[in-house]
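Number of protein chains: 2
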Amino acid sequence: MLLVESMSNAKAYSTQSATSPLALATIKRREPTPHDVQIKILFCGVCHTDLHIARNDWKGSTYPVVPGHEIVGHVTGVGAHVKKFKVGDTVGVGCMVDSCRECDNCKEGFEQFCEKGAIFTYNAPDKHLGGMTFGGYSDSVVVDESYVLSIPKNLDLAAAAPLLCAGITTYSPLRHHGVSAGKKVGIVGLGGLGHMGVKLAKAFGAHVVVFTTSSHKTADALRLGADEVVNSKNADEMAKHASSFHFILDTVAAKHDINAYLQLLKRDGTLTQVGVPAEPLDVQVFNLILNRRSFTGSLIGGIAETQEMLDFCGQHNITSDIEIIPIQKINEAYERLLKSDVKYRFVIDMATLQ
Amino acid sequence: MLLVESMSNAKAYSTQSATSPLALATIKRREPTPHDVQIKILFCGVCHTDLHIARNDWKGSTYPVVPGHEIVGHVTGVGAHVKKFKVGDTVGVGCMVDSCRECDNCKEGFEQFCEKGAIFTYNAPDKHLGGMTFGGYSDSVVVDESYVLSIPKNLDLAAAAPLLCAGITTYSPLRHHGVSAGKKVGIVGLGGLGHMGVKLAKAFGAHVVVFTTSSHKTADALRLGADEVVNSKNADEMAKHASSFHFILDTVAAKHDINAYLQLLKRDGTLTQVGVPAEPLDVQVFNLILNRRSFTGSLIGGIAETQEMLDFCGQHNITSDIEIIPIQKINEAYERLLKSDVKYRFVIDMATLQ
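Those protein sequence lines, which keep their order, are chains L and C. The first sequence begins at 1 in this note's numbering and counts up one residue at a time. The second sequence begins at 1 in this note's numbering and counts up one residue at a time.
Just so you know, the hints here were simulated from the structure itself, not pulled from any lab data. This structure is a prediction, so every number in the text was calculated from the model and none was measured. The beta carbon of each residue, even a glycine, is placed where N, CA and C say it ideally should be. Some clues are possibly wrong.
[Claimed, not checked] Derived CB-CB ranges, DEER-like:
1. L:Ser243 x C:Pro34: 31 to 39 Å
2. L:Ala254 x C:Asn231: 43 to 51 Å
3. L:Val87 x C:Asp236: 46 to 54 Å
4. C:Ser150 x L:Ala254: 47 to 55 Å
5. C:Ala278 x L:Asn234: 25 to 33 Å
6. L:Ala278 x C:Asn231: 23 to 31 Å
7. C:Asn154 x L:Ala254: 50 to 58 Å
8. L:Ser243 x C:Ser20: 30 to 38 Å
9. L:Met7 x C:Thr213: 48 to 56 Å
[Stated by the list, open to error] Covered by chain L, according to a simulated footprint, are these stretches of chain C (three or more residues, beta-carbon under 8 Å):
10. 271-278
11. 289-303
Please model the entire structure based on the sequences and the hints provided.
Structure follows, in structure tokens:
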């Protein structure tokens with residue numbers, strides 16, 4: 001049952017099919033209901049997921065698609081019952097805009113694992129307007145206050161946008177697995193997720209080792225805070241780190257040899273995958289049995305944890321390394337994304353949409 | 001550097017090559033050094049690993065091989081400095097007879113993960129006599145007291161023997177992952193390991209679900225303590241249990257569809273593999289990312305934990321379901337093992353060796 005509500009028009013960049021470019025369109029946004037926050041979008045990060053959904057790589061895309069779930073903006077209106085936000089506040093919206101709020105996962109702060117299915121920021125059923133949710137490649141968005149985050153005042157707003165997905169995706173597993181001073185931590189892959197992983201693991205006090213197959217990334221890894229950089233194609237270099245890591249965060253979304261990394265874990269060490277290869281990874285069980293190693297995954301984070309991450313980033317002045325683009329360059333940016341030609345996150349300046 | 005010591009002869013069943021049957025042989029055992037315990041072996045369980053090593057399935061076997069690491073017997077002699085045991089005590093020896101005792105893993109009670117390599121009960125370098133260690137298919141064995149276990153007096157000695165490997169292999173992960181009342185726990189495979197997993201998980205108070213592809217095992221699973229039995233070939237039956245398990249212990253040593261079980265784990269649930277398929281298992285990363293599931297392994301347990309397990313089994317009167325065989329039937333037993341034709345562990349009555 002849809003709520004009948006008043007709507008207004010918004011500008012957005014949307015795609016009509018898996019093979020169409022993103023282009024200017026007019027979409028509907030609901031007028032704020034009593035618990036809603038209306039946001040003027042200032043910046044929106046460009047996540048690889050945006051491209052996957054726009055191009056139906058994972059199937060299940062419903063068109064038109066308006067991508068974008070790394071949203072930062074100003075509050076321009078609030079519903080009558082909104083308590084946490086007021087007009088003028090700087091806020092963010094991440095990967096989720098709603099969930100059932102009643103299941104164990106929701107009640108325990110894991111809305112991303114909502115047992116009825118979290119309502120993602122785009123390409124998820126929109127219970128207010130019907131059709132699918134539209135994301136942040138737009139001049140505005142209306143979101144229930146429970147799924148809106150506060151952005152610390154000291155952070156650069158454009159560079160803060162990627163925290164809403166890349167930031168929480170790396171923060172959550174690093175925190176959950178106790179990354180801290182005295183721990184040796186690996187980050188596999190130095191892209192949008194990986195570079196945030198380096199910054200956060202370093203801020204948590206860990207000894208950070210970056211694994212990369214691109215030797216030209218070494219200097220940058222060190223600049224971002226890595227203590228060591230290992231060329232993962234060099235078996236000798238890898239062997240020197242055997243059974244020495246407390247934790248490894250693997251951000252690689254392509255099929256790769258996970259056993260080479262599992263072997264680097266100490267007893268009770270954990271490798272968490274946040275990149276999601278479409279093909280299965282081949283796991284030699286012996287590598288798990290030896291040293292009682294764990295292979296696990298992690299998906300963004302809950303709303304409360306996302307706020308905790310933002311507050312931590314505010315305290316430690318952590319943001320993403322970004323390249324700001326006008327929205328008219330989004331299709332070109334997608335092509336560059338496919339070539340990993342970005343350091344390390346594109347962020348759309350939404351003023352260019354006007 | 002080998003210690004020069006006096007030796008005595010012992011009877012054993014050994015194999016001279018990957019394709020030879022096990023046959024009667026005379027082997028050397030050292031005379032007890034000051035910290036050693038000399039044991040008359042009464043019973044020895046038959047673990048699938050015995051067969052793998054005897055037949056060089058995993059490569060690396062050095063012949064002759066005397067298998068056997070589920071040893072129960074009586075102390076017949078002790079070295080001058082032995083404190084924990086005296087002549088006449090009922091003792092056990094499991095998978096290890098030594099380790100470095102100096103590395104972090106040894107010092108923290110994880111001798112099985114000794115960083116210099118645990119000395120396994122057979123087919124490991126014997127620092128006393130040179131050559132390789134000889135296992136429990138023998139009338140006697142000499143072991144450092146630190147690697148000797150006490151067998152609770154109330155347990156049937158033959159049925160207690162499999163606790164030394166099958167028991168600790170299942171006890172350790174069930175305990176480590178907090179299996180207890182209120183937890184829904186799956187046991188995949190109902191063989192030597194699986195049937196111990198059922199008994200132990202039930203003793204810990206969990207709700208126990210057995211997964212099997214052999215419907216004729218249903219009645220036996222229930223008799224052993226299972227609350228439910230699921231035919232893992234039935235997709236509908238499996239789907240009913242989606243995202244509902246706290247923990248799953250997978251004892252299957254052949255390649256199988258691990259994703260079907262990962263999907264059954266709740267948020268933060270863990271699947272621990274104790275069967276070790278030679279081929280890698282294909283893991284769909286999405287199944288780990290969703291619900292933050294863990295895929296992990298476990299290898300026997302440390303010495304202190306093995307004693308804890310034996311004491312627990314003594315308190316709860318838990319032993320293995322066994323079929324006692326004379327040692328002359330060991331080759332036949334191996335053939336039956338390959339067909340899973342045993343409920344649920346062969347145990348050799350070592351009196352038949354005389």
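Are L:Val87 and C:Asp236 spaced within 46 to 54 Å by their CB atoms? 53 Å Cβ-Cβ, so the 46 to 54 Å window holds.
Falls inside 25 to 33 Å, the C-beta gap from C:Ala278 to L:Asn234? About 28 Å separates the Cβ atoms of C:Ala278 and L:Asn234, which means 25 to 33 Å holds.
Between the stretch 271-278 of chain C and chain L, see if three or more residues pass the 8 Å beta-carbon test, and mark the coverage as holds or violated. holds (count 5)
Kindly confirm whether 48 to 56 Å is satisfied by the beta carbon distance between L:Met7 and C:Thr213. Distance hint for L:Met7, C:Thr213 holds at roughly 55 Å.
Take the C-beta atom of C:Ser150 and the C-beta atom of L:Ala254, compute their distance, and say whether it sits inside 47 to 55 Å. holds (53 Å)
CB of L:Ala254 to CB of C:Asn231, is that within 43 to 51 Å? This hint is violated: roughly 36 Å between Cβ atoms.
Regarding C:Asn154 and L:Ala254, is the given constraint of 50 to 58 Å on their beta-carbon distance met? Between C:Asn154 and L:Ala254, where Cβ atoms are some 57 Å apart, the hint holds.
Taking 30 to 38 Å as the stated bounds, is the beta-carbon spacing between L:Ser243 and C:Ser20 within them? Holds, at about 36 Å.
Can you let me know if the beta-carbon spacing of L:Ala278 and C:Asn231 is within 23 to 31 Å? holds (30 Å)
Assuming the hint says 31 to 39 Å, is it satisfied by the Cβ distance from L:Ser243 to C:Pro34 or not? Given a distance of about 33 Å, which is inside 31 to 39 Å, the answer is holds.
For the stretch 289-303 of chain C, count the residues whose Cβ lies under 8 Å from any Cβ of chain L; is that count three or more? Our answer is that it holds, as 11 residues pass the Cβ test (under 8 Å) against chain L, meeting three.
Violation of the numbered hints given earlier is confined to hint 2; every other hint is satisfied by the structure.
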